[in-house]
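Asker: Just need the whole structure built from these sequences, with the hints factored in.
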Amino acid sequence: MNVNHHVLVPLGLVVLTGFLVPWLLVRARWAQQAPRLALGVWAACGAAFAAATALLPAQLVLSSASSHRLADMMFAFELPTVEQLLGLDGRERFALALSLAVLSMPAAAFVRRLARARRVRVRHAGVLRLVGRYDPALRATVLDDERPAVYCLPGRSRRVVVSSGAVDALTPAQLAAALAHERAHIAGRHHLLVAASEAFAAVFSRLPLARHGEGSVPLLLEMAADDRALRRCTRDALATALYALASGRAPRSAFAAGGPSAALRMRRILTPHSAGHPVLRGLMTIAAAGLAMTPLIVACCSFPG
Amino acid sequence: MHVRRLGELEAEIMDRLWAWQRPATVREIVDDINRGRRVAYTTVMTVADILHRKGWLRREKAGRAWLYEPVRSREEYTAGLMRDALGDSQDRPAALLRFVEVISDEDMDALDAALRAARGDHDPHLGGGSGA
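Those sequence lines, one after another, are chains Z and B. Residue numbers for the first sequence follow this note's numbering, beginning at 777 and rising by one. Residue numbers for the second sequence follow this note's numbering, beginning at 14 and rising by one.
Don't take each hint at face value.
Listed next, with one range per pair, are the computed distances between beta-carbon atoms [stated by the list, open to error]: (1) A963(Z) to A92(B): 25 to 33 Å; (2) N47(B) to E922(Z): 31 to 39 Å; (3) E119(B) to P948(Z): 29 to 37 Å; (4) W31(B) to R915(Z): 39 to 47 Å; (5) R51(B) to G902(Z): 54 to 62 Å.
Residues of chain Z clear of chain B, computed beta-carbon distances all greater than 10 Å [to be verified]: (6) V783; (7) P930; (8) P1071.
Calculated directly from the structure, the hints in this document are not laboratory data. Cβ coordinates follow ideal geometry from the N, Cα and C atoms, glycine included.
Answerer: Structure, rendered in structure tokens:
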């Protein structure tokens, strides 16, 4: 058998970030208590998985010596210099092209999603500019419609929008809470993570990382925005705003799957600080996952060439 | 800055035509805007032409001037935006981030229970003044 043992590291990373960590993360209770940490782990898993899938075919193609050098650079988080890239031999160039080709699949899906969402937003903002009225006191655009709605356009045409129905239905404190939540989405550039999770789900549809991530990331983003809003408003204002807006619209069971659960968010807003140290537990999970890689790295380094 | 002014002028023109609910000439629009601030006839004419090309206004010749009229009502455009806002269109990328997503009956019940429980446990003032 002539399989290069340097394949072990990217392979281990693929298993770890594509299967194991997502499996743990989706079951972890700390994730909803420390949503930003959990989002960080999802994002890191996505990036590491994409990198590992790109390295995997390269390591299979490369000669033992050059794949060892590649592995060394990987451990040192070292990028190749221009000279090194120019001095690549034929086989190494092929490996590089292979890596880039694999990497371009999720990257292209991500860019496509962003571009499509942006087109929708630009069109929406164009109509909004003529139909809506900017309210300087709210720092939001008001849309004349009885149905209560609060939303934001993230990205370049950023703005927060409220319907007149929402202004009527909410108390000033509730409205301020909902607006703070939307501003947190914009400030945190949450649309990028949504697009990334959608892109992953489109490219790697069967992968646990993509499947669980697509479900978890939007909900965690809502929770992160809730947390940020709570710095400026009371728990009661945010929870009752959520309730008022949710109850003001027609419930539809058909679409119920998928969307971030308002009930989960509400319970979380109303019951602050559950026992335990969610962040600590989260960090320990991450550390444990990192440790799982050690044997592979040791194995890889102790058989040079 | 200049582009932004034009954008504001677009909104001002649409506002008037929607409010009047009848076709109007550029002259009428200019006169009405001039009650608040100075604006050149040619500027309004240019912007009305832009709105026509963008599909917001239709126009027909009345003597030597064009009569402009909104293609659709403000309510129709608003309804389109609300469709996006309420998440009625399912198969599109997440362009907007909503405060509340579409919600199921079961979720609504759970929400109800969560709120009632919290009010009963933590803050009796909000539950209708029943006392702790």
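Asker: Does each hint hold? Answer for all of them.
Answerer: Checked hints:
| no. | hint | verdict |
| --- | --- | --- |
| 1 | A963(Z) to A92(B): 25 to 33 Å | holds, 30 Å |
| 2 | N47(B) to E922(Z): 31 to 39 Å | holds, 35 Å |
| 3 | E119(B) to P948(Z): 29 to 37 Å | holds, 31 Å |
| 4 | W31(B) to R915(Z): 39 to 47 Å | violated, 25 Å |
| 5 | R51(B) to G902(Z): 54 to 62 Å | violated, 27 Å |
| 6 | V783 | holds, 35 Å |
| 7 | P930 | violated, 6 Å |
| 8 | P1071 | holds, 39 Å |
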